[in-house]
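K.L.:
My request is simple: use the sequences and hints to build the entire structure.
2 protein chains.
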Amino acid sequence: MAVIVQKFGGTSVADPDKIKAVAERVMKVAKAGNDMVVVLSAMSGETNKFVALAHAMQEHPDPREFDMLLSSGEQVTISLFAMAVKAAGMDAISLLGDQVKIITDDSHTRARILAIDTDEIEKHHASGKIVVVAGFQGVTSEKNITTLGRGGSDTTAVALAAALKADACEIFTDVDGVYTTDPNMCKKARKIDKISYDEMLELASLGAKVLDIRSVSFAKRYKVPIHVRSTFTDTEGTWVVEEDELMESLPVSGVTYNKNEARITISKVPDTPGTASKIFTPISDADIVVDVIIQNTREGGLTDMTFTVPLTDYESAMEIVKKVCADIGAERFIGDPDIAKISIVGVGMRNHSAIASTMFQVLANEGINISLISTSEIKVSCVIAEKYTELAVRSLHDAFELDKTTPLEERS
Amino acid sequence: MAVIVQKFGGTSVADPDKIKAVAERVMKVAKAGNDMVVVLSAMSGETNKFVALAHAMQEHPDPREFDMLLSSGEQVTISLFAMAVKAAGMDAISLLGDQVKIITDDSHTRARILAIDTDEIEKHHASGKIVVVAGFQGVTSEKNITTLGRGGSDTTAVALAAALKADACEIFTDVDGVYTTDPNMCKKARKIDKISYDEMLELASLGAKVLDIRSVSFAKRYKVPIHVRSTFTDTEGTWVVEEDELMESLPVSGVTYNKNEARITISKVPDTPGTASKIFTPISDADIVVDVIIQNTREGGLTDMTFTVPLTDYESAMEIVKKVCADIGAERFIGDPDIAKISIVGVGMRNHSAIASTMFQVLANEGINISLISTSEIKVSCVIAEKYTELAVRSLHDAFELDKTTPLEERS
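Read top to bottom, the protein sequences are chains A and B. Heads up, the first sequence is in the working numbering, so the first residue is 3 and it goes up one at a time. Heads up, the second sequence is in the working numbering, so the first residue is 3 and it goes up one at a time.
Some hints here could point you the wrong way.
[To be verified] So these bits of chain B aren't anywhere near chain A, every CB distance computed over 10 Å:
1. 26
2. 60
3. 63
4. 130
5. 153
6. 225
7. 316
8. 331
9. 379
10. 388
[To be verified] Derived lysine-lysine pairs resembling DSBU-like cross-links, with alpha carbons at most 30 Å apart:
11. 131/B x 103/A
12. 103/B x 33/A
13. 103/A x 145/B
14. 125/B x 145/A
15. 145/A x 222/A
16. 145/A x 167/B
17. 145/A x 33/B
18. 103/B x 125/A
19. 131/B x 145/A
20. 103/B x 131/A
21. 131/A x 51/B
22. 125/B x 103/A
23. 131/B x 145/B
These aren't lab readings, by the way, just hints derived from the structure by calculation. Glycine included, every Cβ here is placed at the ideal spot set by N, Cα and C.
P.N.:
Below is the structure:
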């Protein structure tokens, strides 16, 4: 008898009919002889409604009270779901984070899971029940309700799967898997059958639409196989698995892009110890997350510092940089909000040389200038002018033949 | 420093502005140096929404899951309320039934409170917080969420007041107190300033609109003074207190009526042991609650049996009676759904003779025939034709001079 965790997002449980359809789906797997844990989000729209209510009460809602409010949404869906199962003649029980004992730290609105007690779930499995767990929520050791932040229900599902040593963790969503690139950008995009945890992490901007990134880290650590698939079809989606399970035949798994960043360059910075800190400390103090940082040394003890920030923080970052430039005696600074970061990702890169240079060549062939490059072991990112995004994505997708074979089909 | 429990119903917390207004009201009392416990219901409309959702899932919603669903409504209002207090610069914390430790039995949807732990509330009072408690809900010793049934938030408030030995339990509602009779029926109706628990219990049909009857029994047992008053004005409402606190100067406190019953009479029943049981056992087996039962002995070992049942159960009760009559050899039975039960209530009756006969005389003077009489220590009820309800209420209200003085003003 296998233990299977299935997580359904807000659009999958948006109304009674959808909840019933999801219940049917779960019961089919249960009837095949599996112990089921179902993790649900709040009905789509509910969380936004609660956020609006909270902001009507308090400009910056108290985090503990905000969690108390938000967590009520999942309570609604799990109870309705259990009723649907019972109405169809099977047994089910809904459990809150507190009832399962999903213990978290006390970082309200973005709590981290510290421990999960599996006794309660296993007890109900032993008596043949489908266990329906509220996603997104936990409880501190002081019995305060916490929430896990954006995408928290994915984390709940993966954490439960890890704690229960589940055979699979299936994340149901409104898309049918992870694609080689954004299908809206490139119609040749293909669904990936199998991908490694690391690739999934690097494919953030593609992956985030279907699977919360924190839950991938969690799954990697505990070796939980995740199956990302559509609520509305029966076709297989994308499996996110350990790298060992993949045959590394193709170097690139996917092409991803991010248009929501801006670039800032500070020129002719005196290259003395502590300069970088003088630039980035005030930026981080302003809660601005810097992505890529590149430093090029010039002649004459001067250096150029380039970095990217989220587009929404661009104006405030420029303000800070203006002050810092005067402080450190930098010659000038320029900003560009009209950029895009294009990345190719693949664990196969490790064993294939020249992947990065192929990428540069492909972009050059299209007349696309690269203003910033950063690389990791399994990813190469280039910052280009935003207007070339689509062209870059399509040419890279073609060049690495992502349209011709699903790379990971061959691997498996 | 006094401990004050204040309960606000669903219409008082129906939207963010109303919640803020209520928070202001509570803070004013807190600033006067009182330790506050605020008990809230769900926003009005929410419970009905949940009931509809539950019935969309399951014809008879599973009671445990139903409670899981319903209890989420209070979670929303308490967190929003705590935010409102914090936004206004005072400190507050919201607590669920489980967090307070309001322990109930496991009779889901109509659970009874077994124990309340006051430690958590007292801890937060010690640190100067307004404690905001979810009404209507508790938790079993097995950690299942329960609800207390209709009017449950009133019970929560009274039970907390009893456990905390609070100085007052104020029930805020959309009317400004308990009236000598229904103001819609008799425009001379006056607000009562003080009334005893027993009178409040007997005035059920008047009282139920403002205060759940179970909470009155609870308050009586633990001697909790209840103040029923309006959310929307500052005027004093009605205090429900121990009889000792009242000066019994006037015999009648209020006139109440009930049009939602029907009368059934079984004639010429053989007057043998076990006959009453043969009639009422099948009726109670059908979950029909019989109110008044009157038995008149006739000559010749025969008796007449008359009783009233809720109007909604009238048809099924008549079906049962038809079978029973054949069984026990009764001559015939007749039913009348067009009746009203008019009652006068007052603890002063104990010391005033002739109250009942005055009532009969008043009705006779108006040409109203009485078809059934039942009396208790502090109440006299007469069943009359439904069309005379208004006339009966007004003439009794006049006859006992309920319009001229608020009887209990004199008592206090």
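K.L.:
Looking at the structure, which of the earlier hints fail to hold?
P.N.:
Structure breaks hints 2, 3, 12.
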